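Chains A and B supply the protein sequences, listed in that same order.
Oh and the first sequence: position 41 is 40 in numbering that gives the first Met the number 0, straight run, nothing missing.
Oh and the second sequence: position 609 is 608 in numbering that gives the first Met the number 0, straight run, nothing missing.
Please keep in mind that the hints were generated in silico from the structure rather than gathered at the bench.
Treat the hints with care, as some may be off.
[Stated by the list, open to error] With a Cα cut of at most 25 Å, we get these calculated DSS-like pairs of lysine-lysine:
(1) A/Lys115 x B/Lys30
(2) A/Lys73 x A/Lys115
(3) B/Lys124 x A/Lys73
(4) A/Lys115 x B/Lys124
(5) A/Lys32 x B/Lys30
(6) B/Lys30 x A/Lys73
(7) B/Lys124 x A/Lys57
(8) A/Lys32 x A/Lys57
(9) B/Lys516 x B/Lys528
(10) B/Lys30 x B/Lys160
[Stated by the list, open to error] Here are the simulated distance ranges between beta carbons:
(11) A/Ala47 x B/Gly296: 52 to 62 Å
(12) A/Ala107 x B/Gln93: 43 to 53 Å
(13) B/Ala62 x A/Ala246: 48 to 58 Å
(14) A/Ala47 x B/Arg334: 51 to 61 Å
A quick note: this is a predicted structure, and the numbers were derived from the prediction, not measured.
Virtual Cβ for every residue (Gly too), placed ideally from N, Cα, C.
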Amino acid sequence: MKPRSALTALFVAGTAMAAAGCGCPRQLDGLRKELDELYAAKLQAVSASQSVAVTEAKLAAVAAHAQQGAAECKEMAPAFYRVAAVAAWQADGAGAALMNPISTQGIAACAALPAKDNTAPRDCTLIRIAGPMALQDELTAKQLAVRKQAEQSSNGKLPASDLPQLRQLLEGYVAASTQLAAVRQGARGLDSPQTLLEQTDRQRLIIYCNAVETFGLMGRIEGMTFAQLAGERPPLDAIKASLQDDAIDISGPDTCRVSPTQDAAFLTAP
Amino acid sequence: MDPTLIIYGIRALLRISREGQAAYAQFEKDKPALFPTGVLAPATDLAFILDVFSRPQHVGETAPGGPYERYFRGTAINHDVPGATEIVFMRAVQLDAEDSTAQLGTSRRIELGGAVLINQWATDKAPVGPVGRLVVTLADVALEFVGANPSLLGVGGNGEKLIGAIAADLAAMIPDDAAQCGPQSQLAERVVGIFLRAGLKALDEQTDAILGEDHLRALVHNTLPPLISALPSDFSTNLQAQAQWRTVADALLGPAACAAMSAVAANPSAFFGGRFDGSKAAGALTRALLTQASQTGLRQQFTEAGFIGLYKAALGVAAERPALFLGRAGTPAERLAEDLFRNVATTVKDAPAPFNTDLGAELAVAALEAVQANGDQFIDRTRPWENVVGSMVLEVVNGLKAAVATPGSGSVATLFSERQLVNLGRIFLLQAARTPGMIAPGRTELQAIVRSVAAAMAADEDLLLTPDDWMAIAAAAMEEAAANPGRLFPIDDTSPADSIGVRLIQSLLDVAASEMKNGRGRGPVLFGKALREAVILTLQTVSGNVKAAMDNQAALVALATTLSALVRARPAKYGRREWLFLYRTLLVRVLNGTAVDTLTETEFDNILAGGTVA
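If we strip away everything but chain A, and leave its shape as in the complex, we get (with noise of 0.2 Å):
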């Protein structure tokens, strides 16, 4: 080889080698947009009472790509995760079959990091709970088909076969509570912000409301009583617990009210 040759191919490598350096940020950032986009993208078809199903598609593309870079960008692994977790959760039904090989995958990740979650607090704590969110967004939009078959009927009751799938609603919540319960513990030894611990407790408690609707909604079944209903409360009131154990006040019927604005305030958080 040449001189010129091998001075040229040296650039070319070392050029190669900084941009592969900068490669695998670079991407994290166009995928940390694209998600961002997307999610708010879904919120505004929500609001607008518009199909999400093409959104959601794309979302669950953004998680796959992001899994992908994982893979690809060992060091940025968490990070990928992360974005990929939270796609595949956002995605809702396209992103199901993605969900548990990204959290699995993800969880490994961080385990394998020098001081493990610590090493990416916010990063390893929304990998554990894009997971059991994903599960109560799911038995959310079963409980909201319920409660709109509970409306369409002439006396607004349910027949007495609901009551399984409604009792597996609730198990399901618990299920979910429980996940959550646990990565919030674990959270609380990180040096994670504030804000973290905060917004996973809103989550909690979102399950929590999201369950108390769902024990209303066994209320609305045919010859239900009072008596059979209190024989229904141990979920609930599992989830209940959890969170009074974490002196969470649950009180009052505005516990569970939320204004329908709030969803946009993350487009302008700091």
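Model the placement of chain B on the given structure of chain A, informed by the hints.
Just chain B now, kept in the frame of chain A:
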């Protein structure tokens, strides 16, 4: 160079680059991240009511006989009772409040809300940021040097001062695209690393130098931030510019920084002693060097050695004549330095071969040395002196180019190596710088003299004189021409062949060549040192009396011929020394119009014995 230092230097560079990438990765990983919120089913009063009344402690309220039995049918609200919904809701609120009383003292209220952006770290828990990491890396680099050179970074050591100087200005060296680890940022990190490495190396080699931290800080401040900010505005998108700057920084910045640091360390008072801050000149020259090299390209015109040679020479000017770098109205020092390099580069680029390479750069170095030595004599600081260097080079090149291009055995190109050509050029330039008025706008006297000497050189087809001989002749010719303008050689575009200086040299060459044609066996002496001395003697003698030389040119030739014939005829008695003695003695007599062709051997002997002739 100490191989250990090379190894440490490479490690340091790699670390700087790697840490820059790591800092960017950390920045991206730690950006605020979206934490969405889960889907919340709209809250209903009925769910709240059922939750409260189904609690074991309240089931009795709705049981048969209970106070609220009438408001329900099973678990449904009995709408036959007016206001039943409101009544049971109020009761549920009351009961729920009673249930919660015990906990309210310690519990906290959480408001449901939307998604939020979450930081990676709690306050004060985040790892060191990108800039901080760079600082840590610099310290790490320094520590590696400490391993090989413990004294360099001791308390009050020059290395410690240099680190402090760089750290003090580090924020100013972080470009706008640092957050994205953009091309400017990558180059800046590289530049800082190279500078530190070169600086430590230079200081290590000058352990006796005593430098103030403020001096080093001034040097760093005037060099690195301006250099980083001088990157072209389209740098981020201009791949060619990125490639050129990267190559140039790698190749030139280390030697340049080393040279600057060495110059400052060797003579701090020259740079910081007076009213003028010499570090500004050093910084401006460093920036100008890299800018010019990035535009010209490495090896397209000069090699790295050519660029660094120019830079060192310019630094020498700054140290010796700092006032030249004060700048003028409308021309700050930075612009002046840029113009200096640009003019030299343009001059050399447009010069004919072989002057359009490092040879031209070395001539420019010689011109800068002349400025350093005698700049005050011919430079008007109120005018753009930075153009003078290029003009001086151009005059020498134009003077030599015809002789260099002439083919044949006597060609200057054949006779002189490039090094000797540069030395020849230096002779002309240094003498010109010592001569008031020779270098001035619109004057081509230097070029005319160079052309004349070159023409005489071209006439030496038999190679009777060596390059060293010709350089001695050139020095004498230049000195005489400077002292007696317009006598020996033209000072304008007139053909040099008609000048008495060239004609006399050619005549002596002809005599010598004629002698040599008879072969060495016939005892010729007029070549080499004798011929050189004869030419110099002739030029020195006739320069003040050109008319006599023109009138008696034939007699001068005859004298040389006669003396050559004499020593050839009596080789046992006369040699080179005798030839030269007789020539020197009789030359004035010939110029006075006195014939010498009738002198006898006895009279020659008398002259050699110290006597006179009639």
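How the hints compare with the structure:
1. About 19 Å separates the Cα atoms of A/Lys115 and B/Lys30, which keeps this hinted pair within 25 Å; it holds.
2. Using a Cα cut-off of 25 Å, the hinted pair A/Lys73 and A/Lys115 holds, with the two alpha carbons roughly 14 Å apart.
3. Under the criterion of a C-alpha separation no larger than 25 Å, the hint pairing B/Lys124 with A/Lys73 is consistent with the structure, at around 23 Å.
4. For the given pair, A/Lys115 sits about 16 Å from B/Lys124 by alpha-carbon distance, which is consistent with the 25 Å threshold.
5. A threshold of 25 Å between alpha carbons decides the hint, and for A/Lys32 with B/Lys30 the separation of about 11 Å falls inside it, so the pair holds.
6. With a C-alpha separation of about 18 Å, the suggested pair B/Lys30 and A/Lys73 falls inside the 25 Å cut-off, and the hint holds.
7. In summary, the hint linking B/Lys124 to A/Lys57 is not supported, as the alpha carbons are separated by about 35 Å, beyond the 25 Å threshold.
8. Of the supplied pair hints, the one linking A/Lys32 and A/Lys57 holds, its CA atoms being roughly 13 Å apart against a limit of 25 Å.
9. Pair hint B/Lys516 plus B/Lys528 holds up; C-alpha atoms about 18 Å apart against a cutoff of 25 Å.
10. Between the alpha carbons of B/Lys30 and B/Lys160 the distance comes to roughly 35 Å, so the proposed pair goes past 25 Å and is violated.
11. Distance hint for A/Ala47 and B/Gly296: a CB-CB separation of about 58 Å, consistent with the stated range 52 to 62 Å.
12. Restraint check, A/Ala107 to B/Gln93: a C-beta distance of roughly 51 Å satisfies the suggested window 43 to 53 Å.
13. Look at B/Ala62 against A/Ala246: about 33 Å separates their beta carbons, and that is not inside 48 to 58 Å.
14. The given range of 51 to 61 Å is respected by A/Ala47 and B/Arg334, whose C-beta atoms sit roughly 59 Å from each other.
In summary, the numbered hints that this structure violates are 7, 10 and 13.
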